[in-house]
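2 protein chains.
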Amino acid sequence: LPTYVDGSTRLYPLPPTPRAAKVLPEDLKTPDNHVERDPRLIRLTGVHPFNVEAPLSDLYDEGFLTTKDLHYVRNHGAVPRVEDAEVLDWEFTIEGMVSNPIKLTLRELIQTYDQVTYPITLVCAGNRRKEQNIVRKTKGFSWGAAGVSTALWTGVALPDLLARAMPTRGAKYVCFEGADKLPNGYYGTSVKLNWAQDPDRGMMVAHGMNGEPLHPDHGKPLRIVIPGQIGGRSVKWLKRIIVTAAPSDNWYHIYDNRVLPMMISPEDSANLPDTWKDERYAIYDLNTNSAICYPAHGETVPLTGGGGGAVETYKLKGYAYAGGGKRVTRLEVTLDQGRTWMLAPVSYPEDLYRLAPDGEVLFGGRLDMAWRESCFCWCFWEIDLPLSRLQEAGDVMIRAMDDSMMVQPRDMYWSVLGMMNNPWYRVVIHKEAHSLRFEHPTQPALMPGGWMERVKKEGGNITNGFWGEKMAGEDAAPAQEEP
Amino acid sequence: LPTYVDGSTRLYPLPPTPRAAKVLPEDLKTPDNHVERDPRLIRLTGVHPFNVEAPLSDLYDEGFLTTKDLHYVRNHGAVPRVEDAEVLDWEFTIEGMVSNPIKLTLRELIQTYDQVTYPITLVCAGNRRKEQNIVRKTKGFSWGAAGVSTALWTGVALPDLLARAMPTRGAKYVCFEGADKLPNGYYGTSVKLNWAQDPDRGMMVAHGMNGEPLHPDHGKPLRIVIPGQIGGRSVKWLKRIIVTAAPSDNWYHIYDNRVLPMMISPEDSANLPDTWKDERYAIYDLNTNSAICYPAHGETVPLTGGGGGAVETYKLKGYAYAGGGKRVTRLEVTLDQGRTWMLAPVSYPEDLYRLAPDGEVLFGGRLDMAWRESCFCWCFWEIDLPLSRLQEAGDVMIRAMDDSMMVQPRDMYWSVLGMMNNPWYRVVIHKEAHSLRFEHPTQPALMPGGWMERVKKEGGNITNGFWGEKMAGEDAAPAQEEP
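Protein sequences, first through last, are from chains A and B.
Following this note's numbering, the numbering of the first sequence begins with 8 at its first residue and continues without gaps.
Following this note's numbering, the numbering of the second sequence begins with 8 at its first residue and continues without gaps.
Isolated chain A (complex conformation) (with noise of 0.2 angstroms):
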């Protein structure tokens, strides 16, 4: 356990130490010529721009926290250069609808406001897209299931600073806006200000990243972190927060980070300015998710007939998260393509922060977590299973239920930018000589593997209800009715 000052124990985790990391031969040529980075790191879109998940095993293997190594990124451009030397010089504004409009430093920020540091977990919206792009391909790139990392995140809480701005009658709205410059405008984004006024929801604006200032590639000097929404609305190279009265105009907040309804193609999409527009599609709170980490994608287990020191069991591994403040409340496993389900245990590392002492700072900024009942972060579940009872089944599939009862489908929601695809998490188990091979949904990018793939080549309707596999009971014994 870490130590405190006081000599005694901190309950709660903190970061792994990130390896020294350094500019890398491929981003030489790239306008991030002055971003280092890590070479696990998967990119997702070519050289550039940077837009990167890590294996992932390595992201589940360093635990509850992801050092800013591991965690994905995901940039619309080229980062901004700031120099350190400037990085307290970095000011923003907060404007718009509010009767004292503030221009400050990022120095009287720290000088000025409370400072808080709160464990959260960032999620793409496009988590697991490589799933939809198999089935059909949508207008975004191909994540697989490690666009989603935790951090323990320091700054100013976000309905402090508004409560000092004073949001006038009428306001509905918060815009953000960075300073990254892209094709159609600076990026941007809203949320309702009713939500950044809540403090139960954590919204902040974080100088500070697992106790460093921030990686250039997570918004260096200064971002939003939104707990429990996806990562599109945390803008980074924080330079505007605009009150409205309406939602943000800007062209990403419009055009992207959105779950049109599934019967709209890429074709129609083009002419349908309304939908667009059509804030019911916007995506704020994360959907409730899981993914299966081990068995890893390729991973081979021995089978050695029982006995002696032989591995009877094997434990599988994984983790869950929902949204908007929910907690991941159970985490099912199926051998038989959901007929039967069992309990895998869930822990909540997240929770240990709540039993800090009182006025604990960390990072300096205070924890302030134990009287908040939401969920910010991630949790895992594990589960040791017979390795006959595997190598009887034909998959192994998981799906977690939150705590409005609201559980994982069985079936994909194909919608044309490809958002929070979140069915049961499917591995295959293949039988060999002697061992079992793991076949996971899909690999990232546009590594090939992955039973999605092999079952489309191979003529499979991925989207029967059943994989493209023959219905239950079938090819197997009868189904029963009474689960």
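If you are wondering where the hints come from, they were derived from the structure by calculation, not from laboratory data.
Note that the coordinates shown come from a computational prediction; the quantities given were computed from them, not determined experimentally.
Each statement offered as a hint is correct.
Heads up, the list lumps identical chains together, so a pair's fine if it works in one copy or across two of them.
In silico lysine-lysine, BS3-like type, Cα no more than 30 angstroms apart, as pairs: (1) K179 to K199; (2) K324 to K284; (3) K322 to K284; (4) K110 to K199; (5) K463 to K324; (6) K36 to K246; (7) K144 to K463; (8) K463 to K438; (9) K284 to K199; (10) K110 to K188.
Fit chain B to the supplied structure of chain A, relying on the hints for placement.
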């Protein structure tokens, strides 16, 4: 449109006028022989205690607001008898972990505190449970799809009362206890203090329903009303509010209103006290759900072959709701068992209250809805479909999605108490000589009818992912892989 005193018109709905009611002959022999009721209500647990829902069409036809005539009722035992003359002297307390314990009468509550009026949809956690009971008998009785109703509730915001009582350090829960004495003590339950103190969640202590004092079945003279949570938390005949460090230890809090993991059988559940006490399985927020109200069960629609003055389309209609303040953001309809979906327009009458003038008072309470982003009420969908398409289809199904992008699942989540049933709502279409006949999944209570009972009797496996039918694509056109 209803007219204001000043001659302008109200944009928002007002309740329909209730019918004159009287004590029904069947209630004369019961302890409820003082309670006037509407004979249309369907009794789900014999004559007594009184647990009822309206016929689904009657409920729908009343519109956004439900009269006390047709509002569903869930009574665990006899209705406490309170004479009109005693109402204002009704006493209740706020006690436990508070600096300032409060005892006050309803008269003082009305005279001393700000009054608010909100439209709130209440839903029984057992809504649609009959479907679960057909799959496998649960411990709960058989609700149809009309265990949901909406009224205008008037009372005092719970955060105001709690602020006056001043919860002390370490307080985490708020327990509610009613005056209804039951075999296992007074009915009681709890919610999290953090939620109860949050004005956004809209919890209230209510003494008015649709502009009248509470009807005995709805808690006369005082009850809790909690938007977005299951009805079981909205304690009726309120006597005590107790602030505590731990969840309620009331028998009804622990052994009712929970979704235990589905693999736990009725037999196993008797010996799992720790499982029952796991707060992760307690239901608070409603899950997302929807139903088809028209066509009604048994409704027939003539097929005229088109031309002349014949009806060429049929308008399908129904309701949807989500929990925890979430909005239903889309309602989709399929005629090919989920291979393709159509979007049904959704209306939100609740939003009309948000447009009321500032300070608007209704039934003695401030409407106070304009600033809130959360949804407290059900919404309605409808879609016109050509009769020819209904004639070609074997069934019609619907599913709702909420603003956290969670969608109702294909698969039923069965659990021992039978709660929160929310798979796609399916109506079977039968082709008869010159008409179409529609068949809902079930009929409430012991009423026969519905495709679930029929398919089960015919030996079909109704939990096979295809409603006991052959796999989609086997007996119809080949399934298309791309949606």
